[in-house]
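Just so you know, the sequences run in chain order V and B. Under the numbering used here, the residues of the first sequence are numbered 1 to 348, in order. Under the numbering used here, the residues of the second sequence are numbered 349 to 514, in order.
No lab work stands behind these hints: they were computed from the structure. Do not rely on the hints blindly, as some may be mistaken.
As the list claims (entries may be wrong) - In silico SDA-like links for lysine to any residue, alpha-carbon gap of 25 Å or less:
(1) Lys348/V <-> Leu485/B
(2) Lys374/B <-> Ala75/V
(3) Lys348/V <-> Leu480/B
(4) Lys348/V <-> Asn488/B
(5) Lys374/B <-> Leu83/V
(6) Lys348/V <-> Lys374/B
(7) Lys374/B <-> Ala76/V
(8) Lys479/B <-> Leu83/V
(9) Lys64/V <-> Val105/V
(10) Lys348/V <-> Ile481/B
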Amino acid sequence: MSEFLWVIIESTIKAVIILTLIMLVYGALGVYLERKISAWIQNRIGPNRVGPFGLLQPFADVLKLFLKEDLVPTAANPTFHRLAPIITLGVAVAVYAVIPFGDYVTIAGRNIQLGLAPNANIAILFVLAMTSVGVYGITLGGWSSNNKYSLLGALRSTAQMISYELSMGLALVGVLMVAGTLSINQIVIQQSNYHWNIIYQPLGFILFLVAAFAETNRAPFDLPEAEPELVGGYNTEYSGMKFGMFFLAEYANMGTSSAIMVLLYFGGWQTLVPGGWFGFEPGSIGLALLQFVSFFIKIEIMVLFFIWVRWSVPRFRYDQLMNLGWKVLLPLAIANVAGTGIVSLLLK
Amino acid sequence: MDLVGLAFYFLAALIVISAAIVVFSKNIMYSAFSLMFTFFGVAGLYVLLNADFLAVTQIMVYIGGILVLIIFGVMLTTRITGVDVKSNSLGKIQVGIAGLLSTIIAISLIVVFSSTKWFLSEPKVSGDSTKLIGNELLTNYLLAFEAASVLLLIAIIGAAFIARRK
């Protein structure tokens with residue numbers, strides 16, 4: 001019984017820490033960076049009133065969202081209207097169950113993994129499965145609002161996510177063939193000493209990157225919420241914290257995609273500088289902290305890239321989007337799988 | 349009760365309740381959506397049986413693929429044609445036939461279940477079922493695997509042909 005209790009306590013503590021991190025790093029810091037960088041790119045100043053350098057702006061935003069009236073349109077389906085943002089955010093957070101934030105720490109003789117289930121054998125498949133479930137929140141949100149713009153946005157989003165999921169999955173197969181495992185932690189461990197997978201899978205990385213942009217509905221693939229055409233897309237009829245949940249889920253998804261890219265192609269929690277420089281032993285808290293910080297620095301660099309692209313590249317047309325997905329990315333992804341197979345067979 | 353037992357009863361309740369909603373709900377959208385929880389519950393049972401690969405495949409194929417199509421069908425037909433798609437209560441004859449058939453199936457299942465001698469062996473905890481499945485599919489069951497892929501290819505070509513024909 002004590003073992004059972006220990007598992008529950010450990011998982012709860014980890015889950016609370018991970019959720020807080022998602023809210024703070026992806027929600028607060030993500031929104032702040034987005035607003036600040038878009039301001040720089042457009043030659044504005046950006047938020048600078050709340051707190052030093054406007055750093056507390058996201059908290060003011062969230063407070064405002066909490067205080068706003070929560071509207072449900074009369075013609076909407078209230079059950080699904082309430083459920084949709086919960087599903088979207090829940091799925092976005094669920095992916096973190098399998099993401100390792102570092103190696104292990106030895107506390108009081110126990111090896112504690114940094115992550116809820118980082119050694120799951122099917123971690124990558126789980127991530128893909130969760131992204132495919134993510135379609136539901138957006139679809140239901142758009143449909144239940146009973147609004148033409150919402151439904152159109154939801155349809156676009158779903159069509160886009162289903163189309164790009166295919167090339168995303170196939171781009172991943174390249175990494176899996178190099179690594180020979182589906183466990184994310186194993187893939188990270190294989191990338192020690194800076195043997196990052198990006199060296200072996202450059203084409204696969206680019207394909208995954210493009211697909212990730214489409215999968216997270218970010219510009220230049222933000223057709224589901226194209227403001228000039230669709231008002232706001234699937235979240236047009238949402239207000240208050242329900243809108244906030246959609247918003248947070250978008251940033252959490254961006255963070256998740258960045259995290260997956262870092263884990264699979266950029267060495268994940270492998271430290272940026274060798275841990276030996278500071279004399280850290282494996283399993284010590286110092287090394288774990290270094291890994292954790294390295295991981296988040298890498299993620300933030302990817303997030304900055306996402307934001308940079310959003311404010312620099314114009315939106316695609318819908319037919320261009322579908323052509324790119326099916327006629328360019330998919331054949332390239334299949335070619336990448338075939339090429340990886342041939343090369344690894346020749347090197348054997 | 350241990351953790352596995354607790355998880356099993358939770359999942360079983362989830363499956364039964366959500367399946368009941370699928371069958372009894374008048375609103376077909378609720379039925380379609382409730383089916384998602386049934387699929388999730390079944391995936392959970394696979395996890396309890398150490399079939400992690402099967403569980404994730406269940407989520408990807410049934411929830412991520414098939415159910416999305418069902419929900420799309422329900423959503424769009426209701427809105428475009430203006431006809432509410434609802435599962436109305438059927439006539440007495442239909443209910444009678446369906447009830448009779450279900451009773452026969454239920455009785456035969458119970459008979460089979462109680463008359464079978466179950467061989468309960470300790471589950472071999474081999475963490476990596478994915479590797480085993482992959483190796484088996486590409487060696488012993490290669491023919492069936494290829495036949496299935498050819499079948500799917502034919503289905504895709506057929507679907508594209510029907511969709512293209514105006």
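Taking the hints in turn, this is what the structure says about them:
1. Distance check on the hinted pair: lysine 348/V and leucine 485/B sit about 22 Å apart at the alpha-carbon level, within 25 Å; holds.
2. For a cut-off of 25 Å, the pair hint linking lysine 374/B to alanine 75/V stands: about 19 Å separates their Cα positions.
3. About 21 Å separates the Cα atoms of lysine 348/V and leucine 480/B, which keeps this hinted pair within 25 Å; it holds.
4. Taking the CA atoms of lysine 348/V and asparagine 488/B, the gap is about 23 Å. The hint holds against a cut of 25 Å.
5. Taking the CA atoms of lysine 374/B and leucine 83/V, the gap is near 19 Å; set against the 25 Å cutoff, the hint holds.
6. Between lysine 348/V and lysine 374/B, the direct Cα distance comes to roughly 60 Å. Violation of the 25 Å bound is thereby established for this hinted pair.
7. Restraint check: the Cα-Cα separation between lysine 374/B and alanine 76/V comes to about 18 Å, which is no more than 25 Å; the hinted pair holds.
8. Proximity of lysine 479/B to leucine 83/V is assessed by CA-CA distance (about 37 Å); at most 25 Å being required, the pair is judged violated.
9. The hinted pair formed by lysine 64/V and valine 105/V fails the criterion: a straight-line CA distance of about 39 Å is larger than 25 Å.
10. In summary, the hint linking lysine 348/V to isoleucine 481/B is supported, as the alpha carbons are separated by about 23 Å, within the 25 Å threshold.
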